[in-house]
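S.K.: Sequence lines, in order, name chains A and B. Our numbering applies: residue 143 is where the first sequence begins, and numbers increase by one. Our numbering applies: residue 535 is where the second sequence begins, and numbers increase by one.
Worth flagging that the hints you see were computed from the coordinates, not collected in a lab. Quick reminder that beta carbons are idealized off the backbone N, C-alpha and C, glycines included. Among the hints, erroneous ones may be present.
With a cut-off of at most 30 angstroms between alpha-carbon atoms, the simulated DSS-like pairs for lysine-lysine come out as follows [unchecked claim]:
1) LYS576(B) with LYS158(A)
2) LYS576(B) with LYS673(B)
3) LYS719(B) with LYS158(A)
4) LYS730(B) with LYS158(A)
5) LYS673(B) with LYS158(A)
Distance ranges between label pairs, derived from CB positions [stated by the list, open to error]:
6) GLU147(A) with GLU554(B): 42 to 52 angstroms
7) ALA163(A) with ALA731(B): 36 to 46 angstroms
8) ASN144(A) with SER681(B): 53 to 63 angstroms
9) ALA174(A) with ARG732(B): 54 to 64 angstroms
10) SER634(B) with ALA238(A): 38 to 48 angstroms
11) SER681(B) with GLN146(A): 15 to 25 angstroms
12) VAL243(A) with GLU563(B): 43 to 53 angstroms
13) GLU147(A) with GLY612(B): 39 to 49 angstroms
14) ALA553(B) with ASN216(A): 19 to 29 angstroms
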Amino acid sequence: MNCQEVQAQLSDYLEKALPIADLNIIEAHLSACAPCRMETDYLSECIRQVASLPIVAPPIGFTQRVMTRVREINERPTLWERWLFPLRIKIPLQAAAVVLVGILAVYVLQREPPEKRPLITSETTLPENQFARTEKNQETTISKAELQQAPAKSQALAFSAPAPKGQTKTTSGTDEKISMSRAKSLAEERSDSSSPSSPSLLPPEAKGRGIGIVSGTPVISSGQLSETFEFKTGSLRPESVSVEPFADYELLFRLQSLAQDSAGLSQKAGTRTVAERQAVARDLDPILEAVAGSRQPQTVWLTVPKSQYEQWKRELRAIGTIESETQVPLLRAEPGEQNGGQLQIKLTVLPAPETNRATPSRDR
Amino acid sequence: MKKQSNKSEEMVSEAISDAECVRRLLQGEVDAFEVLVRRHQKAIFNLVYRMLGDYDEAAEVSQETFLSAYRSIGQFRGDANFSTWLYRIAINHASTRRRSLAKWQQRTVPLDTTEPVNERDLDPADTVEQKEVQELVQKALNGLEASDAMIILLKDLQDVPYEEVARVLDVPVGTVKSRLHRARKALRSRLAPYFKARGTRK
Chain A
143 MNCQEVQAQL SDYLEKALPI ADLNIIEAHL SACAPCRMET DYLSECIRQV ASLPIVAPPI
203 GFTQRVMTRV REINERPTLW ERWLFPLRIK IPLQAAAVVL VGILAVYVLQ REPPEKRPLI
263 TSETTLPENQ FARTEKNQET TISKAELQQA PAKSQALAFS APAPKGQTKT TSGTDEKISM
323 SRAKSLAEER SDSSSPSSPS LLPPEAKGRG IGIVSGTPVI SSGQLSETFE FKTGSLRPES
383 VSVEPFADYE LLFRLQSLAQ DSAGLSQKAG TRTVAERQAV ARDLDPILEA VAGSRQPQTV
443 WLTVPKSQYE QWKRELRAIG TIESETQVPL LRAEPGEQNG GQLQIKLTVL PAPETNRATP
503 SRDR
Chain B
535 MKKQSNKSEE MVSEAISDAE CVRRLLQGEV DAFEVLVRRH QKAIFNLVYR MLGDYDEAAE
595 VSQETFLSAY RSIGQFRGDA NFSTWLYRIA INHASTRRRS LAKWQQRTVP LDTTEPVNER
655 DLDPADTVEQ KEVQELVQKA LNGLEASDAM IILLKDLQDV PYEEVARVLD VPVGTVKSRL
715 HRARKALRSR LAPYFKARGT RK
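Extracted from the complex, chain A is given alone in its bound form:
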C-alpha cells in the first residue's frame, strides 16, 4: 500500500471503519512513513476540533416565537376562506358591485351608436344605382350655400330622387318623393359605414348643426301629409327611430300667406326669411319653401338648444303662426335634460290659408 492509497483511507482508518487486516496494514505504513503520519494527525485534529466546537443554546424564547408564528399561520384563513367566509362584509360589497355594473350596463346601452339599430330599412331596399346617382347629384350640385340661395333648385333636386317601391303605403305623388334630407342622410350613413367611395357628402355646416340630416320613412297614410323626419347629426337616439321620433314639443305652425303665385311666393319667402331670421331657425328654409311651394303640410323633427327655444319661436312667428304648442309628457324629468340641453321639436308646417287673410302672428 503506497502513501496515496493510505491517505485515501485515512478517514475510515480514524473511524476504525475498516477490516482489522487493513487497519494493521495502514498502521504499519504510518509507523514507517512520517508524511502520512503527519497527515493522519492533521486530519484527526480537524475532526476533533469540529467535534469540540461548543454547542450553543438557541435564543431564549425561540420555541415560543416559532409557536406564535405557527398559530398565526394556523389562524390565517386560506385564500378560499378569505373570499367566502366574511359574509357580513362581502355580501354587501358584492351586491353593491352588481348594482354598479347594472347601472353601467344601462348607461353604456343608452350610448350605443344608432347605426347598430335598424334605423333606416330603405338602405337595403333602395337600389344601389339610384343611391349612387343621388350621391353624385349632391356631391356635384348641393352645398349649404346653394340650399339657401337657390332653394327652388335644391327642392327640385331633392324631389327628383325616386322612392323605392314598398317604402310607403301612400299613393299620393308627393309621398313617393324622397326628400333631399333623406338622401343626405343615406349618404351620410354610407360614409359612416366606411364605404370607401363616399367621403362625407354633407357640407360641413350642415353636418355641424343643420337640420335635415336624417329623415325617416313617411308613415302617415292620409294621402295628404308627407312626413320627413329630421334630426340634427348626432342627436339620434334609440327612442327616436321607432315609428315616430321622440319630441319634447310638438308644434303646429302655419305659414303666413304672402302672395298668390306659389312660385313667386316661394322665392319671396325664401329671401325674406333668410334676411330676417337669425341662425336658429334659418335651417328651416327648405322645408318652409317646400310647403309654400307644394301647399302640402310637412312635419319635421329637429333639435333646438333649450336656451334658444323662445328666440326660435319668435323667429317662426315672424313668418307665420304657431297654432298649437304641446309639451309631450314623457319620462324625462325636464325637457332637454338628457340631450345636453337640446330640445327635440316635432314641427308640422301647414301651408298658408287660401284666402289672403291676415294671421295674428305676433299676438301669441
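Use these hints to put chain B onto chain A, whose structure you have.
M.R.: For chain B alone, coordinates are given in the frame of chain A:
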C-alpha cells in the same frame, strides 16, 4: 422552578415519539408541533449556526426551518425520520442564506460577542486559546463549499450516523464517506497554517 418546568416538558417530549407528534399535528393538534420544536431546536440551531457563522442569522434561519416544516408537514412521509426531514429543510434554508451572505461580505465569526451559553465545560485556563482555535475552525468552515461544510457538520459536529446522513442527502452511504473524506481534507488544507504554528510552538 424553571428547571422543573423544563424537566416536565422534557418528560412530555420523551413520552411521545416524533411520529406520534406528527400524527397529532396532522389531526389539528398544533401543540404537538411545540414538542417537535423543543426536541430538535438545539440540533437544528447549531447546524445552521455553524453553517452560517452568525448567531442572529442562525436564529432567523432556524425559525424559518421550523415554519417551513410546519407549513409542509402534509408532505412529510412517515417512512423517514422527522429529524432527517427537518435536517433537509434546514440545509436548504441555510445553504440559500449562506449564498446570499457570501455575496455581502466575507464573514467573520464574532464569537466573543454573540456566543451565548457555552454548554461544554472548558478548562478556564485553556479558554482563550480554545476560542481562538474555534474561531479559526469556523472561518475554515465558512471558506469551504457549503456541501463540504454541511457534511462535516452533520457527521463530526452532530454525530449523525452515516446512514442518516445518506438519507438526508439522498445519496448512498459510500458516497457520503468519500464526500466526507474529501471535505475533511479540504478543511485540513485550510487549517494547515494553524497546525504548522502549533507544531512549531510545541
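S.K.: Work down the list of hints and note, for each, if the structure agrees.
M.R.: Hint check:
1. LYS576(B) with LYS158(A): Holds, at roughly 29 angstroms.
2. LYS576(B) with LYS673(B): holds (22 angstroms)
3. LYS719(B) with LYS158(A): At roughly 18 angstroms apart (the allowed maximum being 30 angstroms), LYS158(A) and LYS719(B) satisfy the hint.
4. LYS730(B) with LYS158(A): Measuring from Cα to Cα gives roughly 26 angstroms; hence the hint holds.
5. LYS673(B) with LYS158(A): holds (29 angstroms)
6. GLU147(A) with GLU554(B): 42 to 52 angstroms: Holds: the Cβ-Cβ distance is about 48 angstroms, inside 42 to 52 angstroms.
7. ALA163(A) with ALA731(B): 36 to 46 angstroms: Once the Cβ atoms are compared, 37 angstroms apart, the range 36 to 46 angstroms for ALA731(B) and ALA163(A) holds.
8. ASN144(A) with SER681(B): 53 to 63 angstroms: violated (29 angstroms)
9. ALA174(A) with ARG732(B): 54 to 64 angstroms: violated (24 angstroms)
10. SER634(B) with ALA238(A): 38 to 48 angstroms: holds (46 angstroms)
11. SER681(B) with GLN146(A): 15 to 25 angstroms: Check passed, 24 angstroms falls within 15 to 25 angstroms.
12. VAL243(A) with GLU563(B): 43 to 53 angstroms: holds (46 angstroms)
13. GLU147(A) with GLY612(B): 39 to 49 angstroms: Holds, since GLU147(A) and GLY612(B) (Cβ atoms, about 43 angstroms apart) stay within the stated range.
14. ALA553(B) with ASN216(A): 19 to 29 angstroms: holds (21 angstroms)
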